[in-house]
Amino acid sequence: MSSSPDKLVYMANQIGKFFQSQGRDRAVQGISEHIWKFWDPRMRKQIFAHLDAGGTGLDPDVRDALQKLKQQA
Amino acid sequence: MSLIQETDFGTPKSKSETMVTLTIDGNQITVPEGTSIMRAAMEAGTQIPKLCATDMVDAFGSCRLCLVEIEGRAGTPASCTTPVMPGLVVHTQSERLKQLRKGVMELYISDHPLDCLTCAANGDCELQDMAGAVGLRDVRYGYEGENHVFAKSHGCENDNWMPKDESNPYFTYDPSKCIVCSRCVRACEEVQGTFALTISGRGFDSRVSPGMNESFLGSECVSCGACVQACPTATLTEKSVIEIGQPEHSVVTTCAYCGVGCAFKAEMRGEEVVRMVPWKDGKANRGHSCVKGRFAWGYTTHKERILKPMIRERIEDPWQEVSWDEALNFAAAKFKGIQQKYGRDAVGGITSSRCTNEETYLVQKLIRAGFGNNNVDTCARVCHSPTGYGLSQTFGTSAGTQDFDSVEDTDVVLIIGANPASAHPVFASRLKKRLRQGARLIVIDPRRTEMVESPHVKALHLPLMPGTNVAVLTALAHVIVTEGLADEAFVRERCDWSEFEDWATFVAQEKHSPEATAIMTGVDPKVLREAARIYATGGNGAIYYGLGVTEHSQGSTTVIAIANLAMATGNIGRPGVGVNPLRGQNNVQGSCDMGSFPHELPGYRHIAGDAVREQFEAMWNVKLNNEPGLRIPNMFDAAIEGSFMGLYVQGEDILQSDPNTKHVVAALSAMECVIVHDLFLNETANYAHVFLPGSTFLEKDGTFTNAERRIQRVRKVMTPLNGYADWEVTIMLGKAMGFEMNYAHPSEIMDEIAALTPTFAGVSYARLDELGSVQWPCNEKAPEGTPVMHIGGFVRGKGKFILTEYIATDERTGPRYPLLLTTGRILSQYNVGAQTRRTENVVWHAEDRLEIHPHDAEQRGVRDGDWVRLASRAGETALRAEITDRVAPGVVYTTFHHPDTQANVITTDFSDWATNCPEYKVTAVQISPSNGPSDWQKAYDEQARHSRRIAPVVEAAE
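Protein chains in written order, with numbering that gives the first Met the number 0: chain A, 0 to 72; chain B, 0 to 957.
No wet-lab data here; the hints were simulated from the structure. The structure presented is a predicted model; accordingly, all values stated were derived computationally and were not measured. Hints should not be assumed to be uniformly reliable.
Claimed, not checked - List time: in silico DSS-like cross-link candidates among lysine-lysine, alpha-carbon distance up to 30 Å:
1) A:Lys6 x B:Lys340
2) B:Lys661 x A:Lys16
3) B:Lys661 x A:Lys6
4) A:Lys69 x B:Lys340
5) B:Lys734 x B:Lys307
6) A:Lys36 x B:Lys340
7) B:Lys510 x B:Lys797
As the list claims (entries may be wrong) - Derived Cβ-Cβ restraints for the label pairs, each shown as a range:
8) B:Gly860 x A:Arg25: 47 to 57 Å
9) A:Asp5 x B:Glu509: 30 to 40 Å
10) B:Arg811 x A:Gln71: 34 to 44 Å
11) B:Ala610 x A:Tyr9: 34 to 44 Å
12) A:Gln71 x B:Asp940: 43 to 53 Å
13) B:Arg811 x A:Gly56: 17 to 27 Å
14) A:Arg23 x B:Glu509: 17 to 27 Å
All C-beta atoms in this analysis are idealised placements derived from N, C-alpha and C, irrespective of residue type, glycine included.
With the hints as constraints, model all of the structure from the sequences given.
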């Protein structure tokens, strides 16, 4: 009912919407940094898995930010 | 130990910097201009007799006991109302003065009962003291004449006599002992600002009257206790003093209720508290108090306190009382078992914002170093976590910028989403005092709160629709920028100029104007423009805000918008201005400072930072996990998903206080071991397997940090009824799990905190004893602490402007749920009510009510006092309605102090984008008439009753 992946997608998109007004580059950077700083590893693992499975529902900036974060990890 | 005697200087201190020298009784004395002769004499050590004067209120000059002679001046002026002048020669004692004073006292005593031996004020009566001071030996008038003392005079009813008013649960009013000095009336006006008391009648008919000759309980009186404190006789006396007698020693400590952090003297007889009296040297409260801190401490010895540890295998079982060892070993075995089965990260804990800094620090240490993960969070998650995020991003520190004294220099006060009159009453009194002196007030709140209109206070009110804070604040910024009201010089010097330009361009867009956003916010554009102009140009502008800002999907964005406004108008970095989050609980600031958030170590430093983490590793002698842990809402999700199975909760009732109760129930039920460490079997304990009895603030040593960043001592005045202070219990739990923490006293824990945290480097118990209190940062650069932050520059370097796009919450009204519910607090109750519901405070607020506008009520056929069903997408409950136009049409409001209402059954899973702080303040609901409690409430009540059973102890057979 509650958690993964819908809820995580919702949370990630919510973060994305805050950064949207800062322009694409800064948004991608801001989103990935935010998720790295505040999400527990199991949450990140789940969203990466969702991303690998097609990432349905993720906004474009958020998708890019997660790709970037995943590569760093 | 002895009773702390505070000197009463008779009249308030003068703030003047011009000094005046005069001679009193042959001694030269130099005092600030504007000081009264009475005060000057007291500062020199001479106490002039007085009754109507006290230094908490302005001089009044009515008792005529403080007369003095001044060379070259005719007559005998009152020393309380006569200011010092250079070269005055004053005599406080002469034949004439002696005769006059004796005559005055003779008249007072001729109309006063002579029951001193059995009087509650015996030993603490200024009238008695003055009779002694002036040498009164005889009352020539006798006691038979017209009087207020006797119920019958000469065999007839005495119309002047009035019976005692015992309506207030905490103090009595005995009119027969009143000398009509007006100290109570003036305290109510000047200190508290409620204006509940007056003097009715004239001359001999003068009486202290609550409201229009009402009872104290029936009047506007808010029971702050200022009148009782001011009363020089037994007219207004604490019922506890009447019952117990006068205290014999006192200890200064800090209130455990809200984030104002009032300092109190706990006045004791042995280990029994006789009364709590606000301490005049307390820098947060300056001698004032509210009904909670002053009177509502009865919960500390309430019969429902659980004093023995208890365990059970399943939550359906009754509790078994066991020894401490058995309970701790049971808990440790469960937690270790869970970690073996589900992994190291499957357990965690929640630190308490009601416990001390030292206790909070230990719990996070136990989790990080003992459990070996970072699954630690605190109730600030659900209140002020967006403050931490927003202010650290913009200014560089996760805390308010000012001290409370700062309000005395403020010209414009902007209150957003806070109701200090109910939630931070002592600060509200200090604020109202400044407003009566002429400062202006703007209130942004969906509801017409007590702050909007009160005696001699009228705010400019922006009644916005819940959830539109960012739109309103960005519109304020739009006006400031487009009308050229920004403080460009300040911004150029202190902030990043190009970021400011980006921001200014952003807010100047037409879509952010008050006119364009009015359709969403509901705020009259003219009023909004006026508010922006007043804040930007009205002198020192200070913003105070509360949970109406943070508890939204855009909570962090709103905090950032507030910071932007303050920077753009130059309202940062000096007394009288600033951004001031009003913290809910006594130690919310402290629990955040102490590293209670899963991503950061004490002092707000990210866990991934190697250098900082290595310092902690060296001190604690363990390897720490460098990944952030779960936040409270994430813990619940992970529990339901099956990867988080054990939780240690210290002093926090997450089931009642967290949103979407059904979700929390599901999460707690999924866990294999929940340890509740608390005073009472709270709602969370219904789902717990281990109960560890907690201790109250009266039973332990430590420190609390209030909303001003002020670290104050909490001092033990009685032995813990449960046997151990909470910090000792955490140490024992760690030991049972095989993690040793060795401290003999909380001061040693503070020494460790100071060694590891640069902003606390100068803090020690010795320093706190010496200075009374200290505001962090306290270190080499600021050895006495930092009352005002960001002077001359921001902590992060340049102040950072960040764009704040308004994004409407996804919690929307619609045909099924057409109204918006918002929640708040009431003066007499505190948070989930676990403490205040167990005191006489329930006489003011016995149940939560739903405030609804007459229009919405009529449409639904709801009358005042009716039971109504309150339903949202998350759940439904029932409570009684109160019809009022304090709320706008379309908005309803309730408090969340009572578990049987369960307001959080209604609130949803939506949360702040940055911190997951829940969106308590906006829920789409529908209201309909109802016959009583809902099925959910009945089922909940049944479960709670069942779960609270304690098995009878079986005596072993011989």
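Quick rundown of the hints versus the structure:
1. For the hint pairing Lys6 of chain A with Lys340 of chain B, the CA-to-CA distance comes to about 26 Å; that is within 30 Å, so the pair holds.
2. This hinted pair checks out: Lys661 of chain B and Lys16 of chain A have alpha carbons roughly 29 Å apart, not beyond 30 Å.
3. Taking the CA atoms of Lys661 of chain B and Lys6 of chain A, the gap is near 17 Å; set against the 30 Å cutoff, the hint holds.
4. The straight-line distance between the Cα atoms of Lys69 of chain A and Lys340 of chain B is roughly 28 Å, inside the 30 Å bound, and the hint therefore holds.
5. Annotation: proposed proximity of Lys734 of chain B to Lys307 of chain B holds, straight-line Cα distance about 19 Å (limit 30 Å).
6. Taken as a hint, the Lys36 of chain A and Lys340 of chain B pair is honoured in the structure, with Cα atoms around 28 Å apart against an allowance of 30 Å.
7. Restraint check for Lys510 of chain B and Lys797 of chain B: satisfied, since their Cα atoms lie roughly 28 Å apart, inside the 30 Å limit.
8. For Gly860 of chain B and Arg25 of chain A, the Cβ-Cβ distance of about 53 Å falls inside the hinted range of 47 to 57 Å, so the restraint holds.
9. A hinted range of 30 to 40 Å holds for the C-beta pair Asp5 of chain A and Glu509 of chain B, which are about 36 Å apart.
10. Between Arg811 of chain B and Gln71 of chain A the beta carbon distance is about 37 Å. The supplied range of 34 to 44 Å therefore holds.
11. At about 35 Å, the beta-carbon gap between Ala610 of chain B and Tyr9 of chain A stays in the expected band of 34 to 44 Å.
12. Here the CB-CB span from Gln71 of chain A to Asp940 of chain B is close to 51 Å, well matched to the stated 43 to 53 Å.
13. Between Arg811 of chain B and Gly56 of chain A the Cβ separation comes to about 19 Å, which falls inside the hinted range of 17 to 27 Å.
14. Roughly 24 Å separates the CB atoms of Arg23 of chain A and Glu509 of chain B, a value that falls within the hinted 17 to 27 Å.
When the structure is compared with the earlier hints, no violation turns up for any of them.
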